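**Student:** Work out the full structure, taking the sequences as your base and the hints as a guide.
Chains as they are written, first to last, in the numbering used here: chain S, 312 to 649; chain Y, 312 to 649; chain E, 312 to 649; chain B, 312 to 649.
FYI, nobody ran anything at the bench for these hints, they're computed from the structure. Treat the numbers as computed from the prediction; the structure is a model and nothing was measured. In this text, a Cβ means the ideal position worked out from N, Cα and C, and glycines have one as well. Do not take every clue at face value.
Below, computed lysine to any residue pairings styled on SDA-like, alpha-carbon distance capped at 25 Å [to be verified]:
hint: 1; chain 1: S; residue 1: Lys641; chain 2: B; residue 2: Glu403
hint: 2; chain 1: Y; residue 1: Lys387; chain 2: E; residue 2: Met645
hint: 3; chain 1: E; residue 1: Lys594; chain 2: B; residue 2: Gly596
hint: 4; chain 1: Y; residue 1: Lys316; chain 2: E; residue 2: Arg501
hint: 5; chain 1: S; residue 1: Lys377; chain 2: S; residue 2: Lys393
hint: 6; chain 1: E; residue 1: Lys641; chain 2: Y; residue 2: Asp364
hint: 7; chain 1: E; residue 1: Lys387; chain 2: E; residue 2: Arg407
hint: 8; chain 1: E; residue 1: Lys641; chain 2: Y; residue 2: Asp365
hint: 9; chain 1: E; residue 1: Lys641; chain 2: Y; residue 2: Leu627
hint: 10; chain 1: Y; residue 1: Lys594; chain 2: Y; residue 2: Ser564
hint: 11; chain 1: Y; residue 1: Lys641; chain 2: E; residue 2: Arg385
hint: 12; chain 1: E; residue 1: Lys377; chain 2: Y; residue 2: Leu380
hint: 13; chain 1: S; residue 1: Lys387; chain 2: S; residue 2: His411
hint: 14; chain 1: Y; residue 1: Lys624; chain 2: E; residue 2: Glu532
hint: 15; chain 1: E; residue 1: Lys624; chain 2: E; residue 2: His349
hint: 16; chain 1: E; residue 1: Lys624; chain 2: Y; residue 2: Arg478
hint: 17; chain 1: B; residue 1: Lys624; chain 2: S; residue 2: Gln506
hint: 18; chain 1: Y; residue 1: Lys624; chain 2: Y; residue 2: Ala329
hint: 19; chain 1: B; residue 1: Lys387; chain 2: S; residue 2: Arg501
hint: 20; chain 1: S; residue 1: Lys641; chain 2: B; residue 2: His411
hint: 21; chain 1: S; residue 1: Lys624; chain 2: S; residue 2: Arg385
Distance windows between CB atoms, simulated [unchecked claim]:
hint: 22; chain 1: E; residue 1: Ser531; chain 2: B; residue 2: Asp548; range: 41 to 49 Å
hint: 23; chain 1: B; residue 1: Glu341; chain 2: S; residue 2: Asp335; range: 56 to 64 Å
hint: 24; chain 1: E; residue 1: Asp563; chain 2: B; residue 2: Asp548; range: 35 to 43 Å
hint: 25; chain 1: B; residue 1: Lys641; chain 2: S; residue 2: Pro376; range: 23 to 31 Å
hint: 26; chain 1: E; residue 1: Asp465; chain 2: B; residue 2: Ala337; range: 20 to 28 Å
hint: 27; chain 1: S; residue 1: Lys377; chain 2: B; residue 2: Thr488; range: 45 to 53 Å
hint: 28; chain 1: Y; residue 1: Asp590; chain 2: S; residue 2: Asn399; range: 53 to 61 Å
hint: 29; chain 1: S; residue 1: Arg628; chain 2: E; residue 2: Glu338; range: 49 to 57 Å
hint: 30; chain 1: Y; residue 1: Cys443; chain 2: S; residue 2: Asp538; range: 25 to 33 Å
hint: 31; chain 1: S; residue 1: Glu397; chain 2: Y; residue 2: Asp500; range: 47 to 55 Å
hint: 32; chain 1: E; residue 1: Arg628; chain 2: S; residue 2: Pro547; range: 50 to 58 Å
hint: 33; chain 1: Y; residue 1: Thr488; chain 2: S; residue 2: Arg342; range: 28 to 36 Å
hint: 34; chain 1: S; residue 1: Arg489; chain 2: E; residue 2: Ala543; range: 32 to 40 Å
These are the residues of each chain, in order.
Protein chains: 4
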Amino acid sequence: MSSGKPLILFDPHPRTEAMVFTGDVAEALEREANLITHFGSRAPDDLVEDVLDDVEIIIGQTAMPKERLDRAPRLKAIVNVKANWEPNIDYEEAQRRGIHVLSAAPAMAPAVAEYCLGQAIALARGLPAADCRFRDGDEQYGIAGNGTAYSLYDAAVGLIGYGNLGRALVPLLRPFTRRISVHDPWLSDRFLQTQDVRPSGLADVLSENRFLFILAGATSENEAFLDAAKLALIPPDASVILASRAEVVAFDSFVEMASEGRFRAAVDVFPQEPVAAGDPVRKAGNILFSAHLAGGLEASYARIRDMMLDDVKQILRGLPPQRLQRAEPKQAAMARSR
Amino acid sequence: MSSGKPLILFDPHPRTEAMVFTGDVAEALEREANLITHFGSRAPDDLVEDVLDDVEIIIGQTAMPKERLDRAPRLKAIVNVKANWEPNIDYEEAQRRGIHVLSAAPAMAPAVAEYCLGQAIALARGLPAADCRFRDGDEQYGIAGNGTAYSLYDAAVGLIGYGNLGRALVPLLRPFTRRISVHDPWLSDRFLQTQDVRPSGLADVLSENRFLFILAGATSENEAFLDAAKLALIPPDASVILASRAEVVAFDSFVEMASEGRFRAAVDVFPQEPVAAGDPVRKAGNILFSAHLAGGLEASYARIRDMMLDDVKQILRGLPPQRLQRAEPKQAAMARSR
Amino acid sequence: MSSGKPLILFDPHPRTEAMVFTGDVAEALEREANLITHFGSRAPDDLVEDVLDDVEIIIGQTAMPKERLDRAPRLKAIVNVKANWEPNIDYEEAQRRGIHVLSAAPAMAPAVAEYCLGQAIALARGLPAADCRFRDGDEQYGIAGNGTAYSLYDAAVGLIGYGNLGRALVPLLRPFTRRISVHDPWLSDRFLQTQDVRPSGLADVLSENRFLFILAGATSENEAFLDAAKLALIPPDASVILASRAEVVAFDSFVEMASEGRFRAAVDVFPQEPVAAGDPVRKAGNILFSAHLAGGLEASYARIRDMMLDDVKQILRGLPPQRLQRAEPKQAAMARSR
Amino acid sequence: MSSGKPLILFDPHPRTEAMVFTGDVAEALEREANLITHFGSRAPDDLVEDVLDDVEIIIGQTAMPKERLDRAPRLKAIVNVKANWEPNIDYEEAQRRGIHVLSAAPAMAPAVAEYCLGQAIALARGLPAADCRFRDGDEQYGIAGNGTAYSLYDAAVGLIGYGNLGRALVPLLRPFTRRISVHDPWLSDRFLQTQDVRPSGLADVLSENRFLFILAGATSENEAFLDAAKLALIPPDASVILASRAEVVAFDSFVEMASEGRFRAAVDVFPQEPVAAGDPVRKAGNILFSAHLAGGLEASYARIRDMMLDDVKQILRGLPPQRLQRAEPKQAAMARSR
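**Tutor:** Quick look at the structure:
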């Protein structure tokens, strides 16, 4: 390990080289550090063990239990370059050691928020159906064709979860409506009020809104907390966007209720991905499907690379990171793996 | 004609009773005025002639050439309750007489802007195609499925026309991008700069933007000003939303270029509506179609009723109208009928 | 009169050459038109009479009664380059003739709004008094010195008048508070609601706000409508900014009540200007005075020149003006001269 | 110590009971915890020692070196209820132990930002001077009296420091100008760009702006980093607001340069407070003085109480605090005591 430059382990799987280690990134990091890289799988144990003594920054969610942290005396930061946490890090021990543990969730959120807004307008205004009807020669013009259409303007909108996704979505909704309610059990009512949204209980956020965005992360404690009884509270014909994790809803019930026309739905996430070839969900009516496409486009990876480079440089200069998200040890430890 | 109350002629065709004369409107207007109403067609000449002596406000675009204006000494306002002007009014004579001539264009604009934004996200992010692929079992997940997707965030966006539609759309785009260029030959560069948009020549607005919104009204002078040569300036794979009037583009060329994959397109307006049953346009690929659905939903008519009631009351109190749009006599006279 | 260029009469008194006819303006206008200029007083009658036949645009508030308008067949616009109207134009006749009558009120409003905000913070936070106390060695530090200070954040704010001044002020207040009430008898409640302000009756706007901005223009009908009884409704210790015209308040009562400590006040306008040398108002306590300084600084005249040039060019091209304010004939005719 | 309720030590000096322990706070905290309070001085050592075993939250900046942290096994948070850090806590050890160390800096920032904006408008528009001249009968009206006035609209504005104060100030400046430059050596250029401000070197931020806000906190490393040579870069007649800590400038040079008319200044903070009775600074011309009044008004303490209560409740529920500011251990340790 030459030159007194700090050592960075680049172990970003499931992120690929194309996503997070483009030429500009490689060049910028090589100016600052010696790099050890591993792509295509998580770095094998022996590679990780080899670098523990010297590594200052790990990019990727390499398993770092306490016994490894104990042997990584120079480690300053773990940058997972993902939007969620895995349970393979001892978050509390990392905090004890003053190691920054950072996720790229803020980098993925804008793309997801954009997608959610597109889904919401598509559902409320009937965009894909209009195209089908026109192609079938079955269209009606103007208000005659808009019988079931409604608008986001001045609509009551509810968000379940106000983390990175919610915070990226609200600015996109503001030009349409001021009536934004949020349910988030991890945040206080007063905090939500300072964000100019209305704090709301779970039953209220479900029952009182024309648009409902499900943006909650999956934890070890909230699996299917939106069960059939809760989903039954959603008002008739509301537009419901399932954007974060399928695990937080009783998925089969959700699909069934949408199919039956209880509400309109957009679904981008599934309990198992890929969905089985013959899974009957593929035939469900009244749902706008997509295959986990909301966040993962090149623009999001560009944002990850930008935030990662920026914060790595800050950390190597002894300054606090500004752009990636810091792990809250308890909450990160509760996150469900994927 | 009892009671000294002012007389209002309600002749709103093609607006229907359900659109603009709901119970609350009838009740509110009857408190202020005597009403003569005619629905289902333009009011017949003899009905119009009968009321000319007394009428103070006409709601609808009743033909009002100079000879009728001459015989309507108490007329204070013509409120067309539509989004566009017809050539059946002598706009200059109405101005000479201090008669307010008002359109409901500002009431339709929000719904159109919402639709345009939904179309733009749908095109860039591939929303309807994703649903089809999932249903066909042909989906790919995450970035693998997002090969051609791009985002509005930080994108270069161009608007052709900055009337009511453009002014309603810009606030919806602001949370995504500051790079908004506008071409509008009726507005000065300095005015556009005060609106925090970049003034742009026609060739530049066509060639320099990833998203292009065609929002220009049709006049007697601008038919097909976006001809094939102009459309050829649009960058490859841009998303083009045709939202105002089909007449402003060389429609067949536009459809052909989109079909060939030169750009992505959303088309809500057609040279002839309804489109003929067997019109080959219905088979054109790479276009998201809709049947003039952008503006005409109940929410827009609610907005028309609200603005109309508000301004009628202002005018009856001798105050200037605030919410509907005033005709610019020269420009209104150039508007193409529909 | 050479060359077929249009003729512009430049008669801007009381605006001076330095205010509205700087080198760049002269050069820009000379490219478009032949100019006849008169500074230092209103143009003498014979000069005006000489140009009536040909003049297309008058810049300044030259007297234009009907008999002169009748003899000015080519006149397209009168641009008064001031913030208020005088009664020396036949506004209805000008409208009948399709002549644009335009004021520069929107150009003066930002500077006035900035001044009002500065006055409001100065009153609430005690800025000038703090300086005096420090210089006198009489200061107290921190909260001990802030006994009577209060803040604009989350405060209830009332505006009397929502013309150009109010519309320029509201965006400056928004980052502080959403609790903005407006009283304006010329505007409907619904219009004000669309502006995201709360419509308010006069008694309520006076009695319910911690900050009160008096922004109403003076008309022939509203002299001293804020009389002593009305002013008595203002809550104790509120901050009251008198910004538009002294004529709209019972000025002596206003000064007396402020002096007695009923409320804090900032006064920029006076019933007679200049104020007499020995006028006792100069000794009134509890008032922050200024000598009609809110609007008239070079930055405002730069804005007038910019708007004027822009709209003159539009009009000469046959396009509607966009930036200056159009006279509402009835309201303009009611404006009090100054 | 009854009931299994958690123990809170309330030791907020120099905050007083009136500032941070009002009736509503006492009541709310007593519902959640057992309270031990000490006001008027820092809690004596024996009182602190007595509670170490049990204390879960300390409110106030009680000295907490490592040896005390070692003996406080249940301690979850130290909430200093101040805007700055003192060196009497072992910040790194607290972090190692997962103890939240929180300051109330975000609560003081809005009041300071409001004051800064008021000072800036007062300097640029000459508010206090206008009052003096009017009272002396020496006023001139309108533009004649505004010879040296300038405006924030479209002005170039520079901020030195972009912590809580800068982040509270920028939204107040936005309605006036988009030309906001920031110098902050702890933040990356990319981060500042995401905040829609222009990153700027120190020399540039000093030399290129009409308004300059000095908002940097004092650290052990930046004393008087704005020395006479740096201050000489400020453009003639700029408005300079010294708002955070006097220690960051060469104070005597600053006062001298302002007095000589090199620039306009507002000064709220001093190297020694209180300033000595006969200190010649009190006679310095061209400066708007105040006695550390920008932040410390009742509205700020109300905000502190609100944030403190909110985050204490979060922490007692095992959730992360949301509203107060977390210490960055290295940066907090560098903070200069006051």
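**Student:** Keeping to a limit of 25 Å between CA atoms, is the pair of lysine 387 of chain E and arginine 407 of chain E held or broken?
**Tutor:** holds, 12 Å
**Student:** For a C-alpha distance cap of 25 Å, please report whether lysine 641 of chain Y and arginine 385 of chain E respect it.
**Tutor:** Holds - the C-alpha atoms of arginine 385 of chain E and lysine 641 of chain Y are around 16 Å apart, at most 25 Å.
**Student:** Going straight from one Cα to the other, do lysine 377 of chain S and lysine 393 of chain S come out at no more than 25 Å?
**Tutor:** holds, 21 Å
**Student:** Quick one, are lysine 641 of chain S and glutamate 403 of chain B close enough, alpha carbons at most 25 Å?
**Tutor:** Holds, at roughly 19 Å.
**Student:** Is the hinted range of 23 to 31 Å satisfied by the C-beta distance from lysine 641 of chain B to proline 376 of chain S?
**Tutor:** holds, 26 Å
**Student:** Using the C-beta atoms of aspartate 563 of chain E and aspartate 548 of chain B, is the stated range 35 to 43 Å upheld?
**Tutor:** This hint holds: roughly 39 Å between Cβ atoms.
**Student:** With a cut-off of 25 Å on the C-alpha distance, tell me whether lysine 624 of chain S and arginine 385 of chain S pass.
**Tutor:** holds, 16 Å
**Student:** Mind checking the hinted window 50 to 58 Å against the Cβ distance between arginine 628 of chain E and proline 547 of chain S?
**Tutor:** With a Cβ separation near 54 Å, arginine 628 of chain E and proline 547 of chain S satisfy 50 to 58 Å, so the hint holds.
**Student:** Hey, lysine 641 of chain S versus histidine 411 of chain B, does the alpha-carbon distance stay inside 25 Å?
**Tutor:** holds, 13 Å
**Student:** When you take the CB atoms of cysteine 443 of chain Y and aspartate 538 of chain S, is the distance between them in 25 to 33 Å?
**Tutor:** For cysteine 443 of chain Y and aspartate 538 of chain S the Cβ distance comes to about 31 Å; the hint holds.
**Student:** Measure nothing beyond the straight line between the CA atoms of lysine 387 of chain Y and methionine 645 of chain E; if it is 25 Å or shorter, mark the hint as holding.
**Tutor:** holds, 19 Å
**Student:** Take the C-alpha atoms of lysine 594 of chain E and glycine 596 of chain B, compute the straight-line distance between them, and say whether it is at most 25 Å.
**Tutor:** holds, 24 Å
Of the numbered hints stated above, none is contradicted by the structure.
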